[in-house]
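Chemist: Here is how the chains run, residue by residue.
There are 2 protein chains.
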Amino acid sequence: MSNWSKIMECVPNFSEGRDLEKIEKIAGAFRAKEGVKLLDYSSDRDHNRSVITVVGEPQALKASVLEAIGLAVELIDLTAHSGQHPRMGAVDVVPFIPIRGCTMEEAVALSKEVAEEAARRYNLPVFLYEKSASAPHHENLANVRKGEFEGLAEKVKLADWTPDYGPAQCHPTAGGVAIGARMPLVAYNINLGTDNLAVADSIARKIRFVGGGLRYCKAMGVELKERGIVQVSINMTDYTRTALYRAFELVRIEARRYGVPVVGSEIIGLVPMEALIDTAAYYLGLEDFTINQVLESRIME
Amino acid sequence: MSNWSKIMECVPNFSEGRDLEKIEKIAGAFRAKEGVKLLDYSSDRDHNRSVITVVGEPQALKASVLEAIGLAVELIDLTAHSGQHPRMGAVDVVPFIPIRGCTMEEAVALSKEVAEEAARRYNLPVFLYEKSASAPHHENLANVRKGEFEGLAEKVKLADWTPDYGPAQCHPTAGGVAIGARMPLVAYNINLGTDNLAVADSIARKIRFVGGGLRYCKAMGVELKERGIVQVSINMTDYTRTALYRAFELVRIEARRYGVPVVGSEIIGLVPMEALIDTAAYYLGLEDFTINQVLESRIME
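Sequence lines, in order, name chains A and B. Position one of the first sequence corresponds to residue 75 (this note's numbering), numbered consecutively onward. Position one of the second sequence corresponds to residue 75 (this note's numbering), numbered consecutively onward.
In short, the hints are calculated from the structure, not lab data. Each hint should be verified, as a subset may be incorrect.
Any copy will do: because identical chains look the same in the list, a pair fits if it lies in one copy or spans two.
[As the list claims (entries may be wrong)] Below are the SDA-like pairs computed for lysine to any residue, each with C-alpha atoms no more than 25 Å apart in a straight line:
hint	residue 1	residue 2
1	Lys-299	Thr-364
2	Lys-205	Glu-179
3	Lys-99	Pro-346
4	Lys-99	Thr-127
5	Lys-186	Asp-269
6	Lys-99	Asn-270
7	Lys-107	Asn-366
8	Lys-80	Glu-108
9	Lys-107	Gln-367
10	Lys-292	Met-178
11	Lys-96	Pro-160
12	Lys-99	Arg-372
13	Lys-80	Gly-302
14	Lys-136	Met-374
15	Lys-99	Glu-375
16	Lys-299	Glu-361
Please model the complete structure; the sequences and the hints are all you need to start from.
Modeler: Quick look at the structure:
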């Protein structure tokens with residue numbers, strides 16, 4: 075795979091988490107394809123949603139993603155869909171992430187190619203979001219998705235919400251889709267030695283961007299009922315700017331106010347090597363260290 | 075390169091660090107070869123020695139390493155060699171290190187194939203060392219090399235030091251060579267906020283294996299004259315058993331006795347990703363984390 079000169083990642087989210095046969099068919103778009111590698115996929119019954127993680131050469135990835143979107147439009151009917159997770163489309167959101175040998179600008183360009191082609195082929199309204207957004211109020215996925223599938227038919231008629239590609243109308247069964255480019259996202263949770271959810275909530279509010287905390291950090295308090303503890307559940311939206319260890323140490327500092335210990339942390343799903351190596355370099359006080367000193371980084375060059 | 079199902083590393087040491095034209099010729103054995111990738115090479119004038127780091131598929135690597143040994147035997151004349159580093163051969167030592175998809179047993183087997191073939195082709199006495207050693211007193215490279223080139227003609231006549239392959243006589247210009255398999259070695263130095271070498275020496279003696287310290291840790295005190303500080307210079311000989319952070323924290327603990335702060339640390343050369351990710355996992359208290367969650371690890375699978 076490292077004869078691939080560029081590696082792009084894509085993490086499409088599909089609004090089906092119960093009928094695994096359908097998910098298998100969609101995931102098939104990423105199997106046995108030259109220049110594409112399926113890394114992971116997981117389905118959640120409660121959310122009724124599946125997330126696929128795939129990497130590939132940009133053009134090969136584009137072809138497979140378009141095929142998967144087509145399969146999802148064909149197989150998933152949102153008029154009969156219910157689940158805990160907000161969604162506006164059969165293919166709900168399709169982020170492209172530059173991993174190696176390619177820039178954010180290339181990810182943006184690829185996302186627009188896929189958006190244009192998906193709209194044309196499948197008659198879908200497509201919104202560009204995050205780094206690909208055509209307007210600031212389209213950047214945040216929560217804004218784009220607000221109103222969900224049920225509200226989309228009305229939303230696309232608003233001047234502010236004309237789709238970037240495709241018709242200004244909701245696809246009858248597949249809704250609409252958000253496509254864009256973003257940094258790798260690290261799902262990082264920090265566990266506290268208390269069962270008091272208010273403590274986790276309060277710390278989350280302080281460390282996250284909207285509360286005056288770290289720039290690339292979203293956070294909320296979550297209860298882990300089985301373990302009898304709570305956690306600060308974090309999305310690190312740009313670990314190259316807001317390091318993992320900074321969130322960890324900041325939670326520890328804030329937890330002191332409540333006399334509550336940090337008992338551990340966890341990474342959900344995949345994490346880029348650099349996020350953890352940066353953390354090791356901080357704690358060891360490494361001088362003059364570069365990612366090029368990592369053997370695997372050299373092998374992948 | 076990740077269409078390579080097995081990745082083996084080799085770090086041959088050559089007794090020439092001044093005539094860079096010769097080194098270029100030897101390094102040429104690893105260039106533009108299918109299944110082989112030259113990662114790094116560095117030469118030291120004072121040591122009069124060069125170290126090449128290369129990875130490859132086992133059989134392709136074997137062919138290139140044998141070619142490099144042949145070039146070194148042809149180009150390097152030890153009868154005219156002087157340098158600070160102990161050496162017994164033009165090709166002094168050839169370690170094989172299993173990196174991915176292969177076991178230590180396979181590295182041992184490969185080292186023996188190379189040893190047998192190098193002895194046959196170039197009429198060299200070859201000693202197996204480390205994990206490949208044929209007797210316990212051959213494991214430690216320092217033992218094998220003791221007496222150096224100048225003493226080798228006599229040494230090979232001793233019953234205890236019959237070469238594993240090749241003639242029981244010193245090659246007139248190229249001496250002999252040690253070939254074997256070992257774990258990846260991490261050169262890791264910890265800097266202290268003092269100019270007192272005795273402090274670094276004393277800490278080194280306590281943390282290293284021979285002094286009652288960590289099992290896979292060799293250490294000595296070193297003066298960094300330009301910076302006016304000292305360091306504990308460490309070779310971590312198996313980071314999978316003796317973690318980097320353990321050495322770091324132990325040096326910090328021992329330094330307290332002298333009221334000396336640890337001011338930083340440094341990694342020399344290449345380090346496997348896992349050594350640093352393990353360190354990050356320790357400091358963040360990561361729960362249930364596996365190396366398979368690292369994106370690059372999955373890409374290389």
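Chemist: Now tell me if each hint is right for this structure.
Modeler: So, going through the hints one by one against the coordinates:
1. Lys-299 to Thr-364: between (41 Å within a copy, 24 Å between copies)
2. Lys-205 to Glu-179: Only inside one copy: Lys-205 and Glu-179 sit 9 Å apart there, 49 Å across copies, limit 25 Å.
3. Lys-99 to Pro-346: neither (28 Å within a copy, 37 Å between copies)
4. Lys-99 to Thr-127: Intra 15 Å, inter 44 Å, cutoff 25 Å: intra-copy only.
5. Lys-186 to Asp-269: neither (45 Å within a copy, 59 Å between copies)
6. Lys-99 to Asn-270: neither (43 Å within a copy, 67 Å between copies)
7. Lys-107 to Asn-366: between (30 Å within a copy, 22 Å between copies)
8. Lys-80 to Glu-108: Both ways: Lys-80 and Glu-108 sit 14 Å apart in one copy and 20 Å across, limit 25 Å.
9. Lys-107 to Gln-367: For Lys-107 and Gln-367, the Cα distance is within 25 Å only across copies (23 Å; inside one copy 32 Å).
10. Lys-292 to Met-178: within (21 Å within a copy, 44 Å between copies)
11. Lys-96 to Pro-160: The answer is within: 20 Å in one copy meets 25 Å, while 65 Å across copies does not.
12. Lys-99 to Arg-372: between (36 Å within a copy, 22 Å between copies)
13. Lys-80 to Gly-302: neither (45 Å within a copy, 44 Å between copies)
14. Lys-136 to Met-374: both (22 Å within a copy, 21 Å between copies)
15. Lys-99 to Glu-375: Classified as between: cross-chain Cα gap 23 Å, same-chain 33 Å, threshold 25 Å.
16. Lys-299 to Glu-361: between (42 Å within a copy, 17 Å between copies)
Checked against the numbered hints given earlier, the structure breaks hints 3, 5, 6, 13 and satisfies all the rest.
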